[in-house]
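6 protein chains.
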Amino acid sequence: MFYHVKNLQYNAKPTRPDAVYAKKLQEILGGHFGEISVAMQYLFQGWNSRGDEKYRDLLLATGTEELAHVEMLATMIARLLNDAPIGDQELAAKDPVIGAVLGGMNPQHVIVSGLGSLPVDSAGNPWTASYIGASGNLLADFRANLTAESMGRLQAVRLYEMTTDPGVKDMLSWLIARDTMHQNQWYAAICELEEKENIVVPSTFPRSLEKQAVSYEYYDLSGGTASKEGRWAHGPSMDGLGQFQYVHNPEPFGKKPRLKPAPLYVHDTVLPNPPHMPPMY
Amino acid sequence: MFYHVKNLQYNAKPTRPDAVYAKKLQEILGGHFGEISVAMQYLFQGWNSRGDEKYRDLLLATGTEELAHVEMLATMIARLLNDAPIGDQELAAKDPVIGAVLGGMNPQHVIVSGLGSLPVDSAGNPWTASYIGASGNLLADFRANLTAESMGRLQAVRLYEMTTDPGVKDMLSWLIARDTMHQNQWYAAICELEEKENIVVPSTFPRSLEKQAVSYEYYDLSGGTASKEGRWAHGPSMDGLGQFQYVHNPEPFGKKPRLKPAPLYVHDTVLPNPPHMPPMY
Amino acid sequence: MFYHVKNLQYNAKPTRPDAVYAKKLQEILGGHFGEISVAMQYLFQGWNSRGDEKYRDLLLATGTEELAHVEMLATMIARLLNDAPIGDQELAAKDPVIGAVLGGMNPQHVIVSGLGSLPVDSAGNPWTASYIGASGNLLADFRANLTAESMGRLQAVRLYEMTTDPGVKDMLSWLIARDTMHQNQWYAAICELEEKENIVVPSTFPRSLEKQAVSYEYYDLSGGTASKEGRWAHGPSMDGLGQFQYVHNPEPFGKKPRLKPAPLYVHDTVLPNPPHMPPMY
Amino acid sequence: MFYHVKNLQYNAKPTRPDAVYAKKLQEILGGHFGEISVAMQYLFQGWNSRGDEKYRDLLLATGTEELAHVEMLATMIARLLNDAPIGDQELAAKDPVIGAVLGGMNPQHVIVSGLGSLPVDSAGNPWTASYIGASGNLLADFRANLTAESMGRLQAVRLYEMTTDPGVKDMLSWLIARDTMHQNQWYAAICELEEKENIVVPSTFPRSLEKQAVSYEYYDLSGGTASKEGRWAHGPSMDGLGQFQYVHNPEPFGKKPRLKPAPLYVHDTVLPNPPHMPPMY
Amino acid sequence: MFYHVKNLQYNAKPTRPDAVYAKKLQEILGGHFGEISVAMQYLFQGWNSRGDEKYRDLLLATGTEELAHVEMLATMIARLLNDAPIGDQELAAKDPVIGAVLGGMNPQHVIVSGLGSLPVDSAGNPWTASYIGASGNLLADFRANLTAESMGRLQAVRLYEMTTDPGVKDMLSWLIARDTMHQNQWYAAICELEEKENIVVPSTFPRSLEKQAVSYEYYDLSGGTASKEGRWAHGPSMDGLGQFQYVHNPEPFGKKPRLKPAPLYVHDTVLPNPPHMPPMY
Amino acid sequence: MFYHVKNLQYNAKPTRPDAVYAKKLQEILGGHFGEISVAMQYLFQGWNSRGDEKYRDLLLATGTEELAHVEMLATMIARLLNDAPIGDQELAAKDPVIGAVLGGMNPQHVIVSGLGSLPVDSAGNPWTASYIGASGNLLADFRANLTAESMGRLQAVRLYEMTTDPGVKDMLSWLIARDTMHQNQWYAAICELEEKENIVVPSTFPRSLEKQAVSYEYYDLSGGTASKEGRWAHGPSMDGLGQFQYVHNPEPFGKKPRLKPAPLYVHDTVLPNPPHMPPMY
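So the protein sequences, as listed, match chains A, B, C, D, E and F.
Per this note's numbering, the very first residue in the first sequence carries number 15; after that it's consecutive.
Per this note's numbering, the very first residue in the second sequence carries number 15; after that it's consecutive.
Per this note's numbering, the very first residue in the third sequence carries number 15; after that it's consecutive.
Per this note's numbering, the very first residue in the fourth sequence carries number 15; after that it's consecutive.
Per this note's numbering, the very first residue in the fifth sequence carries number 15; after that it's consecutive.
Per this note's numbering, the very first residue in the sixth sequence carries number 15; after that it's consecutive.
Please keep in mind that the hints were generated in silico from the structure rather than gathered at the bench.
As the structure is a computational prediction, the values presented were derived from the model and not from experiment.
Just to be clear, a hint being listed does not mean it is correct.
Stated by the list, open to error - Computed cross-link-like contacts, PhoX-like style, restricted to lysine-lysine with a CA-CA straight-line distance of at most 20 Å: (1) B:Lys242 <-> D:Lys270; (2) C:Lys225 <-> D:Lys27; (3) A:Lys270 <-> F:Lys68; (4) F:Lys68 <-> A:Lys274; (5) B:Lys27 <-> A:Lys270; (6) C:Lys68 <-> B:Lys274; (7) F:Lys68 <-> A:Lys269; (8) B:Lys270 <-> A:Lys27; (9) A:Lys225 <-> B:Lys183; (10) B:Lys68 <-> A:Lys242; (11) C:Lys27 <-> D:Lys225; (12) B:Lys242 <-> A:Lys68; (13) E:Lys270 <-> A:Lys242; (14) D:Lys242 <-> C:Lys68; (15) F:Lys270 <-> D:Lys68; (16) C:Lys274 <-> D:Lys27; (17) C:Lys27 <-> D:Lys274; (18) C:Lys270 <-> E:Lys68.
Please model the complete structure; the sequences and the hints are all you need to start from.
Right under this line is the structure:
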């Protein structure tokens, strides 16, 4: 259960409106690796977790913080949209400042949300739950989380480079710092689990059941051999259980497939000698 | 540029048809962490890479292999659908085998694809490019790849548990082994980069520009203190540049936001004393 | 900013697992009118609100409660999935109970989430932010909220009818009661605004600018006149500013449109006498 | 069954082309609350209606009118795109008018539709049926319709403010007037039903089955008490069946959930003492 | 502008309810090649058409008929859902008929639409406007229409095979016949245009501007030479302007691409010698 | 199975960067009729094909070539993005060139991909597998392919008109030529099949089972009779099996539908005399 306080976790006040930047900033609010994604991803992982309370707490605590980041960005975007201009093309063209603004805005910031933030990314795509992953396997999930924080901090840094507004930079410097923490934090949790389980997810599948002959072969299927120098192409494997082998343009192991003709009742293309096969009902 | 040979990379032949399992197997063909996702993710990362040829080669080589896995799964699913039954509810109910099959199939496997595989997941959602990530920052990208292989192998293992067909298990044992390699491989590439760049992505953002006071504080915003015991709550940070601090229910740093009323021309709710503000054009 | 406590707002414990019902219950978690939708809708409306603090508080308070409902449903679904069966078609057909379960489950509840809830609806579609509305006009928004609570309670009631599990019914009886409150609450807020603004949204657009001749005409464009008896076809209009008129099969007011042929540079279909028109650059 | 006449319901002719405005106008054609949405929503509600002919007629008649509005907007947008410029960045920059146009257009208006309208919104998102609601419960559905007309008229009014073209304004003044009628009309239909059924949807669920103790409690879960003054926090409830109660920061009623560990066959994270539990098949 | 009559274009009455078949039938209502798709595709093509009135009329007339087919299918599906069972897994398992029904239904047919049709396909995916094409080039558009009618009739035929209900078969025999007409009709329109424009779309692009050396070469990039026997590999090209050539495993014409390193301000991976390049602002 | 070589199939090098054109060019990379669509469509059709090896080879060979086109476009787009400007609105407005660029870019080209191509269209919508069709019926599939190549070449030609960059034009002249070949090729394959099967898909459905009385009637449901002159309205049908008939405003053949009231357990609107009907369980 959640409680809300009206104070923001940190400042979210631009020095001046900037409706074009508002559109860009949407990326880390409602984009693939934005704050809605991490909030939902961590909370679902936490709610679904069936094990160690320590990790459940970690997930729910961090997911709850991300909700505060959604709020900060929503607030910042609304303020960047203060008094956003509207107006037609002809007038806009006469004033290059307004023209640039009108051309670069997301029109839904006026038409749909009335100068409010939207749950969309910087190209206007609505947030979708297909962005997130929560598998029940914590090592897989924590890797997804480390990825999300890496992508998220990268995008926040790029957005930092794209503005000169001290208020926006102030807020981003906070979010970037929290992403530093969160990368460190998931990294720490991953290390704990990898120590116990080794690195290959899931660790519980018996090795004897996989085709071990190819578990450590690197297949170079792209012309040239530049990748031969990589660590993945020689030496002991990272899980310590095999030796990397470099294989250039490996041959296929399988046969040419030939599919059985379709029964008549699916009306695929007519073949010279179609198989007789009544529907199964 | 690509060349195709008709042989499969490995066998993809079930012992008997199983239209219900065909639906389930779609997950690792067209799902979030299925083979289309990894093929597209690695290829786009490779095509976009602006740096070391070694990594470019690694990405394109592995992306090309994943196309072969898409092909294997497409073939296997088509074969699992051989002579899939069709028929109505009344007749189905009389034969529990057929009833179970009809109830559990994806009807599009007959109606739409005529007993072919579909570019969808096990719930029938079409594959979408919003699943993939390619950021231009290789450490972020390799983490996304390790995540994808972890999720992908986990799902393949679960699917292995869900069938008794030796032919299907044979193919999965291959894919699971290749996922073992690919987890090792991205792990190796990550280690190389982390050694050079330390662990926080992106490594090129000056530390002085982030709000360093909060870069290593763990905020426990969920009741209880179970997560206090984690490695993330004390000791040196994983990047070696700070000390983790545990903070229970941290106070907000920001103020209560108050947004400027909207100008009349957006027709938000009328306030008692609406601000006078003509449209900017 | 948010704080989380580990206790659920109310019980969420089924008497026994029921993986098929878990799939159905997803509707009010991750469907169009599920709890994620109302949580996000109210919070975005609240964060974007530029007016009366009373309404901002109302929106944020209720949005925060909805997060607790998301949590309850996620927990309930995970428990309904406890020890969900897996297995193949042939074996399933031998045991009708297992067959029914396997046929009716969402396979992603095993393959993707490992017996956890998913941010999807009962047909497996991922939640999308295109479900929600937050316009900056509170009367429009509160109507959207009343709609969401009406649809939501209706779906919860239907789900109540679809189970005999006392634990599930207990939780639903809570959610249904809260939806009773929330319908009452948005209704109250709507009444306040309608009293001030009259009923047509937005109230700030000058009436003289709309084509008033047709502002109260009911156009019956479907054969028969059954709808003539409705309140909307005669008497004073609901906003008290006009008289409803019933018009059967109204004539068009406009002309047959004729579009200007496309310039050659867009390569539309060739016309006998294409217009000469160089590209504008 | 439908019949079409070539005349438009009302004029849809701009005074001059304006490709940037064409992009914006897409919102009320193919957006969440655009004309495609209302046409489809009312028609599906009508086709599915199992009751009073009067309401069925109302729904089908109004849905049919909305198809005419789709046509008017499609025509207007095609005309706004007449001779839309194409051209590259360098040339565009020399002429600010063309630059503003090129920057602000939806490029698909040239590349995809060849100067035609698109079934998308103003940010370019394709229309999706997940926008609409048709529940079989008419009170819920009519509320959805009132919401759609409120949002739709609001957006049309905002678009009216965003242009100075008399032809566009003329068409919008018609659509805005029809939305006035449609808000009045659904309002009238809602009143009829609320008189019979009271206000809480669905009215057929026995009150004794809901957790009545919390059916009229307002939970203020967001810091401060501004919302305490609202009508929803005191006095008789709007349905006349209870008394509103204001509760500040209510305590949880439920326990801390603890989920049963997952069986081994789903390969969630390994726990120290994993439960023994063979797959159910 | 449209007018609706209450009579259906043709009968849409099943002999008995069949909730499982209702789910399947959704494919040709709300699927990729269902009736909503063709209705919207033809209408948008018609509204956008800038040329010959004959084709505009053809498009609008046929689009209007497709609306009647949407209506017939919506009605049929609602009737197939009459008294659809609900109920839990345990009870269902006791009665195989009910079990089969419950397992095979789309749960949204109860929970969301209350026994009404939905604007979704047979796997439950909501209809999306990204299915349709309307390019302004009529030959391209008519080919899209012929494709849609081919896919649509194929799916209707498959659905015909999947039921024994005489009422359903009666309706499908009508729709299949209309698809016969519509395939013939688009075929006729295509022939008219191909006679005038030859077969390659668009016909207005000067041949001298394309790389004519490769305009008629068939590249066999998949092992084996089975496709060498096809008409496309030898003889005069179908447009009569060239000679087909068969080329086995053609060599690349291009170079190995090498992308310029990214400027520092995008924070891609650090290279040993990053280029000096200040942001352009 | 696939092999990759580093050389591009053809050149993909612009003369100068053009970030705005990069956004536009995305349409034929990741749009509805872009190269990802045709690659996936042909490969899935090939993998699923259950018949003549000649066609299977044709599909896989061409699908493999399309992967090379995806690569060329991804490379071209990355190069067009070289050193793309970033920066804020105020500065942008001072320099019209930069202003035009910033306004017209897809911001995700910086924030998300770090100057790389994206799997999206020119409006920023992610590629989705719902674009493609693979039915198992080759005549239907080849028509879908001819449509895709017609739309694809049309879009490439429009993009050719939208740039003056010789490098971009060079690449497009190649792609346009290959589309010429591919239109010819699918045309040839279609002719082969139509000769064997006649033109109506599927050819295997007994004509006696369709409602033949309406198989060749053209229904003009849109006012006026312009379409009466078309080839589809008179003379022998294109399949040679009937005579086209022109019918103006045809009467409905069906009755007014009346749906059975819903059972109480779905809680649709209350009717005066609701039917007694216990849930079926």
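Right, here's what the structure says about each hint:
no.: 1; hint: B:Lys242 <-> D:Lys270; verdict: holds (18 Å)
no.: 2; hint: C:Lys225 <-> D:Lys27; verdict: holds (16 Å)
no.: 3; hint: A:Lys270 <-> F:Lys68; verdict: holds (14 Å)
no.: 4; hint: F:Lys68 <-> A:Lys274; verdict: holds (16 Å)
no.: 5; hint: B:Lys27 <-> A:Lys270; verdict: holds (11 Å)
no.: 6; hint: C:Lys68 <-> B:Lys274; verdict: holds (16 Å)
no.: 7; hint: F:Lys68 <-> A:Lys269; verdict: holds (18 Å)
no.: 8; hint: B:Lys270 <-> A:Lys27; verdict: holds (11 Å)
no.: 9; hint: A:Lys225 <-> B:Lys183; verdict: holds (10 Å)
no.: 10; hint: B:Lys68 <-> A:Lys242; verdict: holds (8 Å)
no.: 11; hint: C:Lys27 <-> D:Lys225; verdict: holds (16 Å)
no.: 12; hint: B:Lys242 <-> A:Lys68; verdict: holds (8 Å)
no.: 13; hint: E:Lys270 <-> A:Lys242; verdict: holds (18 Å)
no.: 14; hint: D:Lys242 <-> C:Lys68; verdict: holds (8 Å)
no.: 15; hint: F:Lys270 <-> D:Lys68; verdict: holds (14 Å)
no.: 16; hint: C:Lys274 <-> D:Lys27; verdict: holds (12 Å)
no.: 17; hint: C:Lys27 <-> D:Lys274; verdict: holds (12 Å)
no.: 18; hint: C:Lys270 <-> E:Lys68; verdict: holds (14 Å)
Of the numbered hints listed earlier, not one is contradicted by the structure.
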